[in-house]
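These protein sequence lines map, in sequence, to chains A and B. The opening position of the first sequence corresponds to residue 1 in UniProt numbering, with each subsequent residue numbered one higher. The opening position of the second sequence corresponds to residue 1 in UniProt numbering, with each subsequent residue numbered one higher.
It is worth saying that the hints were derived from the structure and are not from the lab. The reader is advised that the hints may include incorrect statements.
Identical copies go unnamed one by one, so any copy, or any two together, can satisfy a pair.
Listed next, the in silico DSBU-like pairs over lysine-lysine satisfying Cα-Cα at most 35 Å (straight line) [what the hints assert, rightly or not]:
{"#": "1", "residue 1": "Lys257", "residue 2": "Lys159"}
{"#": "2", "residue 1": "Lys116", "residue 2": "Lys407"}
{"#": "3", "residue 1": "Lys407", "residue 2": "Lys192"}
{"#": "4", "residue 1": "Lys192", "residue 2": "Lys159"}
{"#": "5", "residue 1": "Lys256", "residue 2": "Lys159"}
{"#": "6", "residue 1": "Lys159", "residue 2": "Lys116"}
Quick caveat: nothing in here was measured; it's all calculated off a predicted structure.
Single-letter residue listing:
There are 2 protein chains.
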Amino acid sequence: MALTPPPHTTREEEQQHNNNNGCHMNLAISPNCTGETQANLSAVINHYVHTLNHFNLRNLGYPTNQNFNYDALAPLLQFHLNNAGDPFVGSSFRLNSTSFEVSALDWFANLWDIQKNKYWGYVTTGGTEANLHAILVGREQFPDGVLYTSEDSHYSIFKIARIYRMQCVKVRSLISGEIDCADLKASLLHHKDRPAIINLNIGTTMKGAVDDIDLVIKTLEESGFNRDRFYIHCDAALFGIMLPFLKAASKIISFKKPIGSVSVSGHKFLGCPIPCGVVITRSEYINASSRDVEIIGSRDATITGSRCGHAPIFLWYAIKKKGSIGIQNEVENCIANARYLHNRLSDAGIGAMLNEYSNIVVFERPLDHQFSRRWNLACQGNIAHVVVMQHVTIQMLDSFVNEFLHKRSFSRFEDYGSFQPLCIAEKVGAANCSCSMHNLYHDCAC
Amino acid sequence: MALTPPPHTTREEEQQHNNNNGCHMNLAISPNCTGETQANLSAVINHYVHTLNHFNLRNLGYPTNQNFNYDALAPLLQFHLNNAGDPFVGSSFRLNSTSFEVSALDWFANLWDIQKNKYWGYVTTGGTEANLHAILVGREQFPDGVLYTSEDSHYSIFKIARIYRMQCVKVRSLISGEIDCADLKASLLHHKDRPAIINLNIGTTMKGAVDDIDLVIKTLEESGFNRDRFYIHCDAALFGIMLPFLKAASKIISFKKPIGSVSVSGHKFLGCPIPCGVVITRSEYINASSRDVEIIGSRDATITGSRCGHAPIFLWYAIKKKGSIGIQNEVENCIANARYLHNRLSDAGIGAMLNEYSNIVVFERPLDHQFSRRWNLACQGNIAHVVVMQHVTIQMLDSFVNEFLHKRSFSRFEDYGSFQPLCIAEKVGAANCSCSMHNLYHDCAC
Chain A
1 MALTPPPHTT REEEQQHNNN NGCHMNLAIS PNCTGETQAN LSAVINHYVH TLNHFNLRNL
61 GYPTNQNFNY DALAPLLQFH LNNAGDPFVG SSFRLNSTSF EVSALDWFAN LWDIQKNKYW
121 GYVTTGGTEA NLHAILVGRE QFPDGVLYTS EDSHYSIFKI ARIYRMQCVK VRSLISGEID
181 CADLKASLLH HKDRPAIINL NIGTTMKGAV DDIDLVIKTL EESGFNRDRF YIHCDAALFG
241 IMLPFLKAAS KIISFKKPIG SVSVSGHKFL GCPIPCGVVI TRSEYINASS RDVEIIGSRD
301 ATITGSRCGH APIFLWYAIK KKGSIGIQNE VENCIANARY LHNRLSDAGI GAMLNEYSNI
361 VVFERPLDHQ FSRRWNLACQ GNIAHVVVMQ HVTIQMLDSF VNEFLHKRSF SRFEDYGSFQ
421 PLCIAEKVGA ANCSCSMHNL YHDCAC
Chain B
1 MALTPPPHTT REEEQQHNNN NGCHMNLAIS PNCTGETQAN LSAVINHYVH TLNHFNLRNL
61 GYPTNQNFNY DALAPLLQFH LNNAGDPFVG SSFRLNSTSF EVSALDWFAN LWDIQKNKYW
121 GYVTTGGTEA NLHAILVGRE QFPDGVLYTS EDSHYSIFKI ARIYRMQCVK VRSLISGEID
181 CADLKASLLH HKDRPAIINL NIGTTMKGAV DDIDLVIKTL EESGFNRDRF YIHCDAALFG
241 IMLPFLKAAS KIISFKKPIG SVSVSGHKFL GCPIPCGVVI TRSEYINASS RDVEIIGSRD
301 ATITGSRCGH APIFLWYAIK KKGSIGIQNE VENCIANARY LHNRLSDAGI GAMLNEYSNI
361 VVFERPLDHQ FSRRWNLACQ GNIAHVVVMQ HVTIQMLDSF VNEFLHKRSF SRFEDYGSFQ
421 PLCIAEKVGA ANCSCSMHNL YHDCAC
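Next comes chain A alone, as it looks inside the complex (with noise of 0.2 Å):
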């Protein structure tokens, strides 16, 4: 019997699968229906939040924060609160909470080293609004400006290029995920004539890979562009707030050095209902480039007109709520816990990658299709990870380390005793690979 090969599920069943979320309700709304009894709807509800609590228990793939709890902000969902237009500037719609926004962004500003004067910024719907407001920042200094990213950026920059008509170009990445400067340099030197609107990653989204800024800009110096003549916008979706707590890394994301902006997610390490983000940014581009709207009684400098008023609440109270000891805290105990996980993986042969400052552990995708979506786990090509998160506890890497050996010991036995490992030192390195080439190579090397 062969080895069983990566399930390749057609898009109805992978469409019946993912739309279920495991709550099979009929929730089609007739067309002439008359309104539902408060007692059906909370069935519903009830039978849906079921379901959620189920699947919290093994959400072991995406960089979100599942352990909050804002019950003190519930009567917050009796108003519509809107932050139409510019937080500093404020709004004539009343019910707005940018008093709240402006704190949460003050505390961002002080985390990347911009002080209050020289920095502007707002909570947005989440990463890729955050990083289609700071391209298109450098893309309002440089309108003829080439965009360069390295292959392991997010889906998003490559999308926002093509929404923005911007010539993309996309540069090698290194094993670890960084971006390659030899190929960065080689691809500058290409377009020396144009301006350089770069997009790096802090850290990448699967492989938790940061590129290195300071190289980035020696590379940049050293291929002769000077510094009216660059734009750089660091998209920190996870590490943003993570790197400023690491003693060793809290210099990285800073307004000292020559960059434009910094965008990061509000939902994935600070943790939050809905998803958001926030964008920081110099003042002086905004000023340049925003626009009086007088029904909102505010200026227009945001992606979206109506903002939510309630995730800047939210950002504000995690903030305050945790405090910067309780944010050093968590984040010392992801990354202790992502290293326990890498040092099981690798005791028990399986191929797997942690970089620095990284709470994303990678390793040879499962071949289990099941187990991957029981551990809710992100994967791409032949490999996949686990983001180590704060709802994630040594008792659940555990069970997923024991379970995962548990169903490769099967698939060995499917496969008549020749079980091989994946062979992944293409995606993490030879060093990191377990397969039988490699492993006997690791072998050689001790």
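Using the hints provided, position chain B relative to the given structure of chain A.
Showing chain B alone in chain A's frame:
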């Protein structure tokens, strides 16, 4: 003493007014703080809720239905829900609500006359993202198309044209606020060698005017634009839900006409704590332009990446709870109350206008800035408007009109008896203006 001019506060004064939300709390977050106590956090939130309740009583100027109750959904605040990707494909992030989303989308598709297997759409973060998506779909169809939109369009449309690097022609509007098809024709003929992407307002933000879709299509045909050379997007932010429930207007928005997309805000008529929207387009456009994204186990066809999982549940819940009959009653009630307000203002000699099918009453801008702020009015030049939503009662309208008249009579005294109503004929037409000149004209006409 001269007539009090419309107030011109400085940006700093405006910021102070707008940003504090009447919430005089110190919300600053110290960089090296320990975690705040639950008691202190709850005190801040309770105080904020108190100020919100105060504003909620006089919220007349914006199209946000404040009359909702989602208490039954409070347990969902425990979860981060994320619909990243295509709602019809689902996602490998299991904590999603795509099953609710698809049910809500099906309802909208049916409302606007397009079959399930013929449409594609998603729940956006608001009207602007819906417009961003729709106009991108138009641009994907016609990369060199010219965007046409009336001068009364929402400010997002002009921003989108700039972001998308599209040539945008601002077409004149009629006094009602509708697009002027004579000017549209002249513009089309001026660019007849390039396809047309047309944004129509159903209705406009300030005056609630409904662009005449049929007349626009006729104008396109008369100008030599066949159906394969134009794309029409209908920005139906507020009226997208209302018109289908008005007998005389129920067929205005229909995919049986050659339109490409329709968008609506979710938080406007239905009411929702957080901003959201819906965009519906023809599936044939999407299948050609979307991309599979393995890491989320879905297809990327949306503007944002991570997408709010709560918003689709709010929409689903609101529609289910009200039912068609409930929505129809609410629509009729809003329109009837808008007519009541229009009559009361006109009877009192205040220049005012109310378009057909509209719940937006436009009138001369109150001279007292504090009065406008107190009632949360939206103002533009020398006009203001009230949007008669579900939370706006006859009692509120009576209080508003009485206070308006009182303030106005006070202005008269200040001006030694020579008070003159503002002339707003240019904005609302001579027939709706109450200034001394046009009032005299009305008398003559009678």
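Against the structure, the hints come out as follows:
1. When the C-alpha separation of Lys257 and Lys159 is checked against a cutoff of 35 Å, the pair qualifies both within a copy, at 27 Å, and between copies, at 31 Å.
2. Proximity of Lys116 to Lys407 under the C-alpha cut-off of 35 Å is found in neither arrangement, the shortest distances being 54 Å within a copy and 40 Å between copies.
3. Taking identical chains as interchangeable, the C-alpha atoms of Lys407 and Lys192 are never at most 35 Å apart, the minima being 52 Å within one chain and 65 Å between chains.
4. For a Cα distance limit of 35 Å, the shortest separation of Lys192 from Lys159 qualifies both inside one copy, at 24 Å, and across copies, at 30 Å.
5. Taking the shortest Cα distances, Lys256 and Lys159 sit within 35 Å of each other both inside one copy (29 Å) and across copies (31 Å).
6. In this assembly of identical chains, Lys159 and Lys116 lie within 35 Å of each other by CA distance both inside one copy and across copies; the values are 32 Å within and 27 Å between.
The structure does not agree with the numbered hints 2 and 3 stated previously, though it agrees with the rest.
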